[in-house]
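Residue numbers (the working numbering), protein chains in the order written: chain A, 111 to 312; chain B, 8 to 146.
Be careful, since some hints might not be right.
Residues of chain A placed beyond 12 angstroms of chain B at every Cβ, according to the derived structure [claimed, not checked]:
1) Arg131
2) Gly132
3) Pro192
4) Ser204
5) Arg220
6) Gln221
7) Ser224
8) Glu225
9) Glu295
Computed cross-link-like contacts, SDA-like style, restricted to lysine to any residue with a CA-CA straight-line distance of at most 25 angstroms [claimed, not checked]:
10) B:Lys80 with A:Gly132
11) A:Lys276 with B:Gln99
12) A:Lys196 with B:Glu65
13) A:Lys276 with B:Glu95
14) A:Lys276 with B:Asp91
15) A:Lys148 with B:Arg81
16) A:Lys298 with B:Arg88
17) A:Lys148 with B:Trp72
18) B:Lys80 with A:Tyr144
19) B:Lys80 with A:Asp149
20) B:Lys80 with A:Arg247
21) A:Lys182 with B:Glu64
22) A:Lys128 with B:Asp84
23) A:Lys200 with B:Glu71
24) A:Lys200 with B:Glu65
25) A:Lys128 with B:Gln83
26) B:Lys80 with A:Glu217
27) A:Lys308 with B:Asp91
28) B:Lys80 with A:Leu219
29) A:Lys308 with A:Thr275
Simulated coverage check for chain A against chain B, where a stretch passes if three residues somewhere in it have a Cβ under 8 angstroms from a Cβ of chain B [to be verified]:
30) 118 to 128
31) 164 to 175
Think of the hints as simulated: they come from the structure by calculation, not from any bench. Cβ atoms here follow ideal geometry from the backbone N, Cα and C, with glycine treated the same way.
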Amino acid sequence: MILTSNKISSLIIDTLRKQNRGRDVAVLSLYCDYQAQKDQSAVNMIGALLRQVALRTPRIPSEIESAFDESKQEGGQGLRLPDMVKLFVKVIGSIELVYLCVDGVDEVLRQHRSEFLRALRQITQEAPNARLFLTGRPYIRGELDNHLTKGVSVIQVVANREDITKYLSQKIDDDGHQDPKLMTEDLKSNIMETMLEKASEM
Amino acid sequence: MNTSQGERTGRSSLFQYGILNTRADYRMTNSVHGDSNTSIGNVSNSYNNTINVGRDEESLRIHEWLSPLEPHKRHQDVRNRRLDGIGESVLQRSEFESWRRSRDGLANPTLLCYGAQGVGKTYIRYQTYSLETIGDIDE
Numbered sequence: 111m112i113l114t115s116n117k118i119s120s121l122i123i124d125t126l127r128k129q130n131r132g133r134d135v136a137v138l139s140l141y142c143d144y145q146a147q148k149d150q151s152a153v154n155m156i157g158a159l160l161r162q163v164a165l166r167t168p169r170i171p172s173e174i175e176s177a178f179d180e181s182k183q184e185g186g187q188g189l190r191l192p193d194m195v196k197l198f199v200k201v202i203g204s205i206e207l208v209y210l211c212v213d214g215v216d217e218v219l220r221q222h223r224s225e226f227l228r229a230l231r232q233i234t235q236e237a238p239n240a241r242l243f244l245t246g247r248p249y250i251r252g253e254l255d256n257h258l259t260k261g262v263s264v265i266q267v268v269a270n271r272e273d274i275t276k277y278l279s280q281k282i283d284d285d286g287h288q289d290p291k292l293m294t295e296d297l298k299s300n301i302m303e304t305m306l307e308k309a310s311e312m
Numbered sequence: 008m009n010t011s012q013g014e015r016t017g018r019s020s021l022f023q024y025g026i027l028n029t030r031a032d033y034r035m036t037n038s039v040h041g042d043s044n045t046s047i048g049n050v051s052n053s054y055n056n057t058i059n060v061g062r063d064e065e066s067l068r069i070h071e072w073l074s075p076l077e078p079h080k081r082h083q084d085v086r087n088r089r090l091d092g093i094g095e096s097v098l099q100r101s102e103f104e105s106w107r108r109s110r111d112g113l114a115n116p117t118l119l120c121y122g123a124q125g126v127g128k129t130y131i132r133y134q135t136y137s138l139e140t141i142g143d144i145d146e
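Next comes chain A alone, as it looks inside the complex (with noise of 0.2 angstroms):
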């Protein structure tokens, strides 16, 4: 695929690390999976992100420890979804900025998935220094503006001629080591002509 959400998230992801090198902004990321539904609670999700911030430091942050500690005097149980939430905005008040990726929304169960978003407009409502960025696939955009109201900027990506070029001339290259007779010049340049009047016309 030339342009999946995920392609996208990850270079979001990893513009933002790069420009913020050596600045005490964390940049955590979640990928959301159709494979990995039965985890994909959302208090699982919330806690995978904190996996993250607990990762930052070399001693993991002690407002963690202490809350594992407690639950593991009441037997060792995981935590709920709303103290989850106040653990993670507790955990990330330190932080300069973080921002907050999730990638592919639409993966969650539906009925995790408003719990989720909630959840997520829970922390950038009271961590002034979130910012959340996700992508998902539009037929769920109805549901996302009933849970993230306020404060909502959305952006459309769509496949430019520039990316389609790239991708079928990588794509033509790799083919073409096993058989390097076979891929001529202008066999390349009449599959990508050909290819982009297509993907115009779309």
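Using the hints, position chain B against chain A.
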């Protein structure tokens, strides 16, 4: 061998992300896995850095307690498959710039990104079909 594959994977990935910090730690972990008769406690006692190991084990437990998901792994996988230069027009969009630079409530804290309808899947299916004769271009 009495250790599950899942546990082994979890451990090596934590090594990868810097929780198990040294090569020595990593080798030791492997040797624990290889010997069905020794517990982690016994083996770590035979090394001098018991305290260190104890903390790593504790970190691992805290991480697993927070979430069974390991999304940072996926990021590495996706970025390896990304082709250079593709999609970079997104970074030039003003919406991205103002979101990225926004400070404390001055701009929207949330940026949503949708693929355009009709371009994604339909287009890709067409493309796969057309190029079928020269090889598999779908990923």
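Structure-based check of each hint:
A cut-off of 12 angstroms between C-beta atoms confirms that Arg131 of chain A is not in contact with chain B; the least separation is 14 angstroms. Every CB of chain B lies more than 12 angstroms from the CB of Gly132 of chain A, the least distance being 17 angstroms, so the non-interface label holds. Annotated as non-interface, Pro192 of chain A keeps its C-beta farther than 12 angstroms from every C-beta of chain B; the closest such distance is 15 angstroms. Ser204 of chain A, annotated as away from the interface, keeps every beta carbon of chain B farther than 12 angstroms; the closest lies near 16 angstroms.
With a least CB separation of 18 angstroms from chain B, Arg220 of chain A remains clear of the 12 angstroms interface cut-off, as annotated. The claim that Gln221 of chain A lies off the interface holds: its Cβ sits roughly 17 angstroms from the closest Cβ of chain B, which is beyond the 12 angstroms cut-off. For Ser224 of chain A, the condition that its CB be more than 12 angstroms from all CB atoms of chain B holds, with the nearest at approximately 16 angstroms. The beta carbon of Glu225 of chain A is kept farther than 12 angstroms from every beta carbon of chain B, the shortest such distance being approximately 15 angstroms.
Every Cβ of chain B is farther than 12 angstroms from the Cβ of Glu295 of chain A; the closest lies at roughly 14 angstroms, confirming the non-interface assignment. With a C-alpha separation of about 22 angstroms, the suggested pairing of Lys80 of chain B with Gly132 of chain A holds against the 25 angstroms cut-off. At most 25 angstroms may separate the alpha-carbon atoms for a hinted pair to count; Lys276 of chain A and Gln99 of chain B meet this at roughly 18 angstroms. Among the hinted pairs, Lys196 of chain A with Glu65 of chain B is consistent with the structure: their alpha-carbon atoms are about 22 angstroms apart, no more than 25 angstroms.
Between the alpha carbons of Lys276 of chain A and Glu95 of chain B the distance comes to roughly 12 angstroms, so the proposed pair stays at or under 25 angstroms and holds. Simply put, Lys276 of chain A and Asp91 of chain B have alpha-carbon atoms about 9 angstroms apart, close enough for the 25 angstroms limit, and the pair holds. Distance hint between Lys148 of chain A and Arg81 of chain B is fulfilled; the C-alpha atoms sit about 17 angstroms from each other, no more than 25 angstroms. Under the criterion of a C-alpha separation no larger than 25 angstroms, the hint pairing Lys298 of chain A with Arg88 of chain B is consistent with the structure, at around 22 angstroms.
Pair hint Lys148 of chain A plus Trp72 of chain B holds up; C-alpha atoms about 16 angstroms apart against a cutoff of 25 angstroms. About 16 angstroms separates the Cα atoms of Lys80 of chain B and Tyr144 of chain A, which keeps this hinted pair within 25 angstroms; it holds. Taking the CA atoms of Lys80 of chain B and Asp149 of chain A, the gap is about 15 angstroms. The hint holds against a cut of 25 angstroms. Taking the CA atoms of Lys80 of chain B and Arg247 of chain A, the gap is near 23 angstroms; set against the 25 angstroms cutoff, the hint holds.
Distance restraint check for Lys182 of chain A and Glu64 of chain B: the Cα-Cα separation of roughly 15 angstroms lies within the 25 angstroms cut-off, and the hinted pair is therefore satisfied. Among the hinted pairs, Lys128 of chain A with Asp84 of chain B is consistent with the structure: their alpha-carbon atoms are about 18 angstroms apart, no more than 25 angstroms. About 20 angstroms separates the Cα atoms of Lys200 of chain A and Glu71 of chain B, which keeps this hinted pair within 25 angstroms; it holds. For the given pair, Lys200 of chain A sits about 21 angstroms from Glu65 of chain B by alpha-carbon distance, which is consistent with the 25 angstroms threshold.
For the given pair, Lys128 of chain A sits about 15 angstroms from Gln83 of chain B by alpha-carbon distance, which is consistent with the 25 angstroms threshold. Distance restraint check for Lys80 of chain B and Glu217 of chain A: the Cα-Cα separation of roughly 17 angstroms lies within the 25 angstroms cut-off, and the hinted pair is therefore satisfied. This hinted pair checks out: Lys308 of chain A and Asp91 of chain B have alpha carbons roughly 24 angstroms apart, not beyond 25 angstroms. Straight-line distance between C-alpha atoms of Lys80 of chain B and Leu219 of chain A comes to about 21 angstroms, which keeps the hinted pair within the 25 angstroms bound.
A distance of roughly 13 angstroms separates the Cα atoms of Lys308 of chain A and Thr275 of chain A; the hinted pair therefore holds under the 25 angstroms criterion. Note: the region 118 to 128 of chain A has 9 residues with beta-carbon separation from chain B under 8 angstroms; the three-residue rule is met and the coverage holds. Restraint check on the region 164 to 175 of chain A versus chain B: 5 residues with Cβ-Cβ distances below 8 angstroms, three needed, restraint holds.
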